[in-house]
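Chains V and P supply the protein sequences, listed in that same order.
Mapping to the working numbering: the first sequence position 156 is 156, numbers consecutive.
Mapping to the working numbering: the second sequence position 194 is 194, numbers consecutive.
Mixed in with the good hints, there may be bad ones.
[What the hints assert, rightly or not] Lysine to aspartate or glutamate pairs mimicking DMTMM-like chemistry, simulated, CA-CA at most 20 Å apart: (1) V/Lys160 to P/Glu63; (2) P/Lys68 to P/Glu209; (3) V/Lys217 to P/Asp59; (4) V/Lys217 to P/Asp183; (5) P/Lys56 to V/Asp222; (6) V/Lys160 to P/Glu170; (7) V/Lys219 to P/Glu215.
Everything labelled a hint here was simulated from the structure, so no lab data went into it.
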Amino acid sequence: MKLSFRNILKSLWQRKLPRLSLILLGLLGLMAINASWLASSTPLYAVYQDKTYFPILREIWPLNHLDLYPELQSIEWNNLDKKSLILPLIPYSPDDYDLDAILEAPSLKHPLGTDDQGRDLLSRIIHGSKISLSVGFIAVGIYVSIGLLLGALAGYFGGKTDFLLSRLIEIVICFPTFFLILTLVGVLERSLFYIMLAIGLTGWTGIARLVRGEFLKLKNQDFMTAARTLGLSDTRLIFYHLLPNSLAPVLVSATFGMASAILIESSLSFLGFGVPPPTPSWGQLLSSARGFMDMAWWLALFPGLAIFLSITTLNLLGEGLRDVLDPKLKRV
Amino acid sequence: MSLILRVQDLKIEFNLEQGKVAAVDGVSFDLHQGQILGLVGESGCGKSLSALALLKLIDPPGEITGGKALYYGTCPQEKNQNQSQESKTQASPSENKVEEKNQEEETQEEEIKTENQKTSSKKGSEDTTDLTAALRQSQVQPEGGVDLLKLNEEEIRPLRGSRLSMIFQEPMSALNPVYRVGDQIAEVFQVHQKLNKKEAWQKAVYLLEKVKLPEAKRRAQQYPHELSGGMRQRVMIAMALSLEPDILIADEPTTALDVTIQAQILKLLQDLVQDMHMSILLITHDLGVVRQVADQVAVLYAGDVIETAPTQRLFNRPKHPYTKGLLKSLPELFSPIQSKLNTIPGQVPSLGNWPTGCRFATRCPDKLAGCQKQLPALKYLGQGQSLKCLNY
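Bound-form chain P, shown alone (with noise of 0.2 Å):
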């Protein structure tokens, strides 16, 4: 599986009254292509956070200060390459001219270092013009990828939507109330590929049918308050996948839903995951859904990933005390009536007030004597765990 987003020590802080304010700190995680991440934490240890800052929508107070975004998708020109190498083995008469061209797209290639081979070439004829100039200006970093954190605003707008996009946890009021919902996804067409408004129509009915939407014709016509919460995030998928994005960021996407209908929706998602070859960042504080989809996942604790590891990994062998006391406080089915939930002592340091080193220190079970003098550093322990704890 090739790595699809790198992302580095991310760092997002609030320009408060009593100075900067760290809010995410230190997150660090891999999405890989055709998998399902699961970013899991409590409320406030900027999951959220880090999603938006990856499309580069956190607003003012709030600011990006640090870390890298390094994103490796599909350029056009890789694109290119791989439609006339398909075209190369079957025509020899115009042999020539292709290799010419070839070479030409190689060098292009060689500017902007991609690891990612992808065969699919998955995008359509979708007007990639904008996108390869957003990408050909930025720097290309050392270890290959697009920085997305160092993109400007003309050059990433472009790839939100295209590249990256993203749902959310509460799907009546993502949707404009004023639209049916046929025109807000037919929307996204128009302005990303130009179509007129009956191509887009029919591309939006198209892809309400591939989320399953039952009558989706019909559905296209009424307004966002018209349809039920399972219909309403259905549509929201829809939108986020009319450019057929690398990523899809899903911001608690079955919170706001009954158990049933969730169970419906991760199961469309995990179904999109192997037909589309994207990849989810699955955000959420339900372990439960986590380990029903995710491949890997990464916990996060004020504002740092605190353990990372292959979801049946962290379930079986938490490490990290946090984890640990996350997992031992889930009920259980066949428990004793009367015995009471687990819980972890203490409280999460409120933004401003995280204490020096270790920030779960205050509430660990397992302190050592160095824990509150520095942050410790990323261990890895094999088999893709990893984790910031200085018992291992």
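Chain V on its own, in the form it takes in the complex (with noise of 0.2 Å):
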């Protein structure tokens, strides 16, 4: 069957389990798009001295950076009469510490329960898993670009160039990523910028072997050859012909890859190298609950349970992208 992104959504929709992670990874992905609206304690729409607003939109990405409804700036929503308003489903921002509702045990107010400022869990689980996302595609979306170029140049123009580049890749192999970062953000600044940069250029040497192995072995099929009768220029051969056709396994490589990114990322946070404060991520959300282990069980499950079930779904993904790639693997 031809390989088009449609068909092979097709094919893991017919499977159970990559089924369940292609549902789960939606609904993750829908969350963090949506999460300033889904979980903030500015009203979706007021009125305020008899005019209506929709106080959200100075929120959300990119009309933040409008400075909408200036006359809205100082306001403090929790004092107006609720009649009035209509707040986000989950009508806490992940900042909104409230110290008479210190250390709660889940409960219909706060679902997963409130740390030891107040805050709602939820809501920072939120809008954590905005970072843990952007962490995962941005990282990825950097090495596989990197790792596609530099695999299809060694692979295609062989020789000098295959030589050096293969043995670039031998020495950023070596390079213990994790320990990178640490260094990085230890002598730069904490930022979640530089973890994506640190994370995309160390990743990419599976990526350049894979595809410098798929172009080795596709670049004298007949196929190829018939290109080049036609006189087709090398910049096309390339990406045209042979990049199109070694597509396949990058794509399960990256969805891996995502996966230990955002692992890394959680890594890091928790250690509190991570995205600096009051930036909620799961990461950092499990380190600050390692003092109140004893007394708050939640606060340690519920983000432990977020990034296990995000590296799950993804490598599920990955798991049923590998069954239906390749066929020497599928199922009857």
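Hey, can you piece these two chains together into the complex? The hints should help.
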């Protein structure tokens, strides 16, 4: 069967576990994208001094840069009449502390409980998913691009190019990613950007090797000779004829890579080298739960569960993709 | 019939650990316009390699180390001249201008001496600027024509597909599995003629109709694996013909097909030669195919053309002992059932172990004393027949 994106999705959908992981991943993605209006203390809709507003627009990216409704800037929404407001599903912002509700167990008011400053845990987890998923996508995006390009060059041109690039791969493969990031963050500053960049700049070796191998296998096939007899340029041969033929294993590898990038970010945050507070990230939530293990189990359980679920989902999806794309492993 | 391609003493060597090993040495043949030349030989005798060399597609460790491939095809200037001559006969007011223009072109014409006077200006609105540059820059040989082997990568790339194109033995693996067949043909137009997607697609469908692919419109939307072997070969042919090349190199085009489809494809190739004034270099090990379609045959043995003759003459009066042996070893329909097939004793010498002198000498029934001393020179016997053998 032809390997188009649609067909891959279709055959994933026909399998039980991959379907479950697709659904979960979809939900997770939706949650991350819509975090700012799912969990916030800013109302979706408000009537204030006889005028109607959609105050949430002030917080949704990219509108948050426009400074809409400047007159609303210093309003304490909690003090207004609740009848004139429509609040988001979880009416707490991740940073809203409430000293009357410290370390509250899960209840109807706070479905996953609150932390030591009375902040709502569910809201923090929802906003944390933004960090985790964006690390996953962007870091993997960076290293897939580098890996594809370098692997393609090495595989297509061979000879000296291949020799040099292969040695480069061997050198980069020796970098311990985790400690490199620790060092970077230690020397420079704690920022999400450096984490993504460091993962991206060290993670491409696997992809590059995969692509190089695929290119070596494909470039001597008849269809390549045929394409060359038609007078096509090297660039066109590489990007139009070879790359699409070697994307399948890259897709599998990228899915697994995303899981490990999320795990790296969580571990870093747990050690206190991750995203700087107050931005919540899952690893950081876990880390801050350490001190309250004996009195607030929910603080450790739910962020841990979030990490566990997203990693498992991605790995299951990767397994599913591998089954779909590799005919040798295909079950009848 | 005018000459379109003359290959002289082509030599291809491989740089291996044990040093340079020649795989093709001394291949010479002439290809005339509108003719099918059969290049016949056993596996490994250098047929495909010679063909790829014409397009300069020999990859390392292989290397073209000698010989010439003179191409006398249409040059863009010549085409312009044909057009202006036509307009000259019609229009009188602008005659002076046309004449001036003509003279200019004639001087250009002298620069590139082409003996080939082609009257059919078949290539349409093709973008030939690259091509012109490529042909002008390259040294024009004293014999006239352009030596393809001397062109560099930038110069020969525009010629690939537009002047010389190629079809392959295995039509399954020669089409890119991830694109629809229509896309693959359209790509050629998009790259060479800078057409937009829609125009290119229409041309692709037109071509598929031309190679008599049934339901061309629907088939263009399909992927290679959805087509049968014969259909795929038709698609390959359509792709190779897309820019109306002068020379089509067909590398065992029917070997992977069954006999009925084989006949259809051969018929198609013959028709195309007539329609498009094209020349075909037909590479095959199937003497039956050659007899059916070729006008002229060149027999290769161990990297060398040992005999060339018009098809009828070669089959009726083979001269070289190897050709004779080959023809004798063909099975005959009315031979006694129990009789054994004739064979040529011995084996083809492996690469790097070619004997000095005539390479067939060790297996030759008519061997003379001088055969193993030096390679016999090419001898012309008249009637278009020539061979390399000391017996004549």
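Hint check results:
Simply put, V/Lys160 and P/Glu63 have alpha-carbon atoms about 18 Å apart, close enough for the 20 Å limit, and the pair holds. Distance check on the hinted pair: P/Lys68 and P/Glu209 sit about 37 Å apart at the alpha-carbon level, beyond 20 Å; violated. In summary, the hint linking V/Lys217 to P/Asp59 is supported, as the alpha carbons are separated by about 15 Å, within the 20 Å threshold. A C-alpha spacing of about 23 Å is found between V/Lys217 and P/Asp183, which places the hinted pair above 20 Å, so the restraint is violated.
Of the pairs offered as hints, the one joining P/Lys56 and V/Asp222 holds, with about 16 Å between alpha carbons and a cut-off of 20 Å not exceeded. A distance of roughly 32 Å separates the Cα atoms of V/Lys160 and P/Glu170; the hinted pair therefore is violated under the 20 Å criterion. Restraint check for V/Lys219 and P/Glu215: the C-alpha separation of about 32 Å exceeds 20 Å, so the hint is violated.
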